[in-house]
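For the sequence shown, my numbering begins at 347 and goes up steadily by one.
In case anyone wonders, no lab produced these hints; they're calculated from the structure. It cannot be assumed that every hint is accurate.
[What the hints assert, rightly or not] Cβ pair distances, simulated, as ranges: (1) G404 <-> T548: 34 to 40 Å; (2) A573 <-> S495: 48 to 54 Å; (3) W362 <-> V538: 28 to 34 Å; (4) I524 <-> I388: 41 to 47 Å; (5) Y352 <-> N549: 46 to 52 Å.
[Stated by the list, open to error] Cut-off 27 Å, straight-line C-alpha distance, at most; resulting in silico cross-link-like pairs (BS3-like, lysine-lysine): (6) K502 <-> K517; (7) K363 <-> K502; (8) K426 <-> K517; (9) K502 <-> K413; (10) K426 <-> K463; (11) K413 <-> K363; (12) K413 <-> K463; (13) K463 <-> K502.
Beta carbons: idealized from backbone N, C-alpha and C, even for Gly.
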Amino acid sequence: EDDTVYNAAVYAQAEWKFAPSWILLAGLRYTRVQFESQDYFISPGNPNDSGSIRYARGTPVAGLTYKLSTSVNLYGTVGKGFETPTFAELAYRPNGASGLNFSLQPALSTNWEIGMKSRFGDWMRFNLALFHIDVTDEIVVDTNSGGRSTYKNASKTRREGLELAWDGRFKHGLEAAIAYTFLDARFMQPFVTTVGTPGVPTNVNAGSRLPGVPPNTLYGEIIWRHAPSGFHA
């Protein structure tokens, strides 16, 4: 088979400085994603499983920035998002029939963020962000058996946390940066997933953490640059 994904999007974004210290942001993005599968392995008892599905949605965003000073901005934003399945998630149908799982729908999200961005001269920056994300139709594992996983839209989830980031430039070509993220990601509704052969139903309770999502992430780096040659380490 040949599997092909097409993606096209258009967006518009505008800013309005309606007062000396205030900036309003508004934007809209329209995205269309199409999955196509052309099946060449067709024989008696093995039907043609070719097919396609198209996902399309408009996602707005709005934000407000307040300039507390020449070096400190406070902001708040809210926006919508949608995440389509992947071909790996579309690959198998839950009932064991052949062909792609075209009943799978995108996950939809509402994203809120407030924060502060600050600069100290031309050599140091510090950012703080608090975020809250609600997702409906989260794509979760329906069954996992014999090396095949099927997926379904089954749950609401919530992600909330904070991010801190600092970076600075110093004398003699030295730079440094550090960033920390705290993320609490949980299922807000229970669902059932079936694993093993024969399948064993397993309850995933509301309040359970999303697997594979670390609650704490810390990143840091130190860089030395030799400006005349462009070398850095």
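_Of the numbered hints stated earlier in the document, which are not met by this structure?_
Per hint list: 3, 4, 5, 6, 7, 8, 9, 13 violated.
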